[in-house]
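Number of protein chains: 2
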Amino acid sequence: MGEQAQFRVAWLDAGGPDSDIVVSSRIRVARNIEGYPLKVKLKGEQEAELESAVVSGIERAGLAANLSYDPLKDKDPVHRRLLFERHLISMEHLKAEGHHGVAYTPVGDVSVMVNEEDHLRIQVLGAGLQLSALLQKIDGLDEKLAEQLDYSFHSQFGFVTSCPTNVGTGMRLSVMLHLPALVLSKLIEKVFNAVNKMNLAVRGFYGEATEASGDFYQISNQITLGKTPDDLLAELDKTIPKIVSYEREVRRGLVDEDERKILDDKVWRAFGILTSARTISSEEAMHLLSHVRMGVNLGILTSLKLETLNELFVVTQPGHLQQREGRTLKQEERDITRATYIRERLRAASP
Amino acid sequence: MGEQAQFRVAWLDAGGPDSDIVVSSRIRVARNIEGYPLKVKLKGEQEAELESAVVSGIERAGLAANLSYDPLKDKDPVHRRLLFERHLISMEHLKAEGHHGVAYTPVGDVSVMVNEEDHLRIQVLGAGLQLSALLQKIDGLDEKLAEQLDYSFHSQFGFVTSCPTNVGTGMRLSVMLHLPALVLSKLIEKVFNAVNKMNLAVRGFYGEATEASGDFYQISNQITLGKTPDDLLAELDKTIPKIVSYEREVRRGLVDEDERKILDDKVWRAFGILTSARTISSEEAMHLLSHVRMGVNLGILTSLKLETLNELFVVTQPGHLQQREGRTLKQEERDITRATYIRERLRAASP
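Just so you know, the protein sequences line up as chains A and B, in that order.
Heads up: the first sequence runs through residues 1 to 351, numbered per my numbering.
Heads up: the second sequence runs through residues 352 to 702, numbered per my numbering.
It is worth saying that the hints were derived from the structure and are not from the lab.
Please read these numbers as outputs of a predicted model, since none were measured by experiment.
Check each hint, because a few of them may be wrong.
What the hints assert, rightly or not - Computed cross-link-like contacts, DSSO-like style, restricted to lysine-lysine with a CA-CA straight-line distance of at most 27 Å:
(1) B/K612 / A/K330
(2) B/K681 / B/K424
(3) B/K426 / B/K681
(4) B/K681 / A/K261
(5) B/K446 / B/K394
(6) B/K424 / B/K394
What the hints assert, rightly or not - Residues of chain A clear of chain B, computed beta-carbon distances all greater than 12 Å:
(7) E189
(8) K190
(9) A201
(10) R203
(11) R248
(12) R327
Stated by the list, open to error - Anything over 12 Å on all C-beta distances counts as not near chain B; from chain A, calculated:
(13) P17
(14) E34
(15) P37
(16) K41
(17) K75
(18) L184
(19) N199
(20) L233
(21) A277
(22) G326
Glycine is no exception: its CB is placed at the ideal position from the N, C-alpha and C atoms.
In isolation and in its complexed conformation, chain A is listed as follows:
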């Protein structure tokens, strides 16, 4: 239970810009180091050598005081899963087997994955919509590391990356949006179509290859080649505020009409089930928490905090549940533990 007391993930704060709809923003850059083959061809010894080189680069860059390195080789799967659920490492990194690891800050606003798909994946995360602030932040980090590490760079194509889709800036910007009203009103397809035409990608709460769940959608730029970071930022800056306005408009629409009753009912039923169920799957929990989150934003549920809900989306994931219980849990046990925990948290927060 010590885990619980310590828990803080900066990007779950509900004080960020537009945080009724934008849960978090994130930017990552992919970097590789000269003199080493790309990840797919790295042998065991070279992997270990590269890991040391990066860790020492972080130290020399003066970042080690805040960014502590966590070597993941042979590390407990529950621990790795926890890092994944906090968006500190990717699914690929979670599954990796050789020498690899991640340096991250205590509140999880910066992480540097080592030996992921690329040698380095530097990542910054923040609550709400704040891509331009994050762009400044990651530029600063990237420059400090570039002074210590010899990045592979091609004069014509830009940063060399394992996957061609990342060549150029090697940068991906993304935002996590909560769009329950667009989902309820079935307008979400329109948004997807528009987003796809803009060459932006839509993913789920836990990134690549995950389904959207709980009405959360991660939107990010797809193409980096031939574009500057400012181009990428501009693309999202043009699109995201429109989606945010659209979601708000539909929420108001739902609220002004007779549908308010239906919405009230949906929110309250979700709350009723979450405060009563004895077993609940991750998927159902996400779905119901999403409705409750919208209920908080619309002033239907007045005694709950947005932070509590943002946090519940993460701490009810399998890694966090098992970390809290201090042991591996079967799925059935997780579903029971999840239900118990949600019940306690929501009841404590209710009138």
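Given the coordinates of chain A, assemble chain B onto it according to the supplied hints.
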């Protein structure tokens, strides 16, 4: 709200025999009066005359002190619906247009319908499984009325009735069973097959032509011709206790196993939805109240009384809701009123 304070329906008491499973027992006899054509051929004036004759017969039999007559011609539909929901009149009687009515006791344990499908339908109702007590009771009433009214009787076939299925004793015995565990375990089909082989009929909470809802099943004898009341009683006495034992056995089975968790969850979710929903259909309410009722019987929900639940099945029906509000309600309004009322009742009864 005066309605609410006065509300008492004896057959909803939870103190009857086997009342964890048997909600109520009911016996009715069909009688017709010599000198009048059967109902289908009764003209307006004769209907009125017959009505007067029966009411005066009830008075002469010394039953009027307890059985007050309620003429239903041109009576408010909400009032008629209320009587139907208390099982004092049938659906056919609710819809009848000419001179017709019903005499009933304040607690609804006896009713005498006049000009239903037959000239008289005498009915006694009681909580739990108590068919033989009810048989004595209805015999007593029937004899008193027979002394004052000239029943049509055929020496070979017995009492003359409008529908041939009632010829003979004109009697139907029925019990209302609550069988959620048999439904959950999908064993209910086996019960139906057995019951049908016994020539017993299965109906829903509100009798003929109503679907079973909320896991309630009304079981009654089908064939009366050539059988004495004791034969009919024996048929049900042989079958009902077996179904009761079967339901109990399955409930225990559910409770002993791992399935206890699933059952707990089902009961608590039902309770969570009922104490939270802002709008709820009659069908969903019946279904969820059924799970809560089982939860009370199994000791999962300890702070609720069985009476409260038995009552909710009836007072959340459209007639009772509209009576309480003192006006006609559209379906949408009823669903909202129903949800509000259930919430208040269950919350008041919860810890």
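Do the hints match the structure? See the list:
Between B/K612 and A/K330 the alpha-carbon distance is near 15 Å, which keeps this suggested pair within the 27 Å criterion. With a C-alpha separation of about 24 Å, the suggested pair B/K681 and B/K424 falls inside the 27 Å cut-off, and the hint holds. The straight-line distance between the Cα atoms of B/K426 and B/K681 is roughly 19 Å, inside the 27 Å bound, and the hint therefore holds. A hinted pair counts as satisfied when its Cα atoms are at most 27 Å apart, and B/K681 with A/K261 qualifies at roughly 15 Å.
Pair hint B/K446 plus B/K394 holds up; C-alpha atoms about 17 Å apart against a cutoff of 27 Å. For the hint pairing B/K424 with B/K394, the CA-to-CA distance comes to about 14 Å; that is within 27 Å, so the pair holds. Its beta-carbon lying about 27 Å from the closest one in chain B, A/E189 satisfies the requirement of being farther than 12 Å from that chain. Look at A/K190: its CB is around 28 Å from the nearest CB on chain B, clear of 12 Å, so calling it non-interface holds up.
Consistency note on A/A201: stated as away from chain B, and its beta-carbon is indeed over 12 Å from all of that chain's, at 36 Å minimum. For A/R203, the non-interface assignment is confirmed: its Cβ lies about 31 Å from the closest Cβ of chain B, beyond the 12 Å cut-off. Consistency note on A/R248: stated as away from chain B, and its beta-carbon is indeed over 12 Å from all of that chain's, at 23 Å minimum. Distance check for A/R327 against chain B: the nearest CB is about 19 Å away, which clears 12 Å, and the non-interface claim stands.
Look at A/P17: its CB is around 32 Å from the nearest CB on chain B, clear of 12 Å, so calling it non-interface holds up. In this structure A/E34 is separated from chain B by more than 12 Å, as the shortest Cβ-Cβ distance comes to about 57 Å. With a cut of 12 Å on Cβ distances, A/P37 stays outside the contact zone with chain B, its closest approach being about 52 Å. Interface exclusion of A/K41 from chain B stands, the closest Cβ pair being 50 Å apart, more than 12 Å.
Every beta carbon of chain B lies more than 12 Å from that of A/K75, the smallest distance being close to 32 Å; the non-interface claim holds. For A/L184, the shortest C-beta to C-beta distance to chain B comes to about 15 Å, beyond the 12 Å cut-off, and the non-interface label holds. A cut-off of 12 Å between C-beta atoms confirms that A/N199 is not in contact with chain B; the least separation is 42 Å. Distance check for A/L233 against chain B: the nearest CB is about 43 Å away, which clears 12 Å, and the non-interface claim stands.
For A/A277, the non-interface assignment is contradicted: its Cβ lies about 5 Å from the closest Cβ of chain B, within the 12 Å cut-off. Non-interface call for A/G326 relative to chain B: holds, since the shortest CB-CB distance, roughly 21 Å, exceeds 12 Å.
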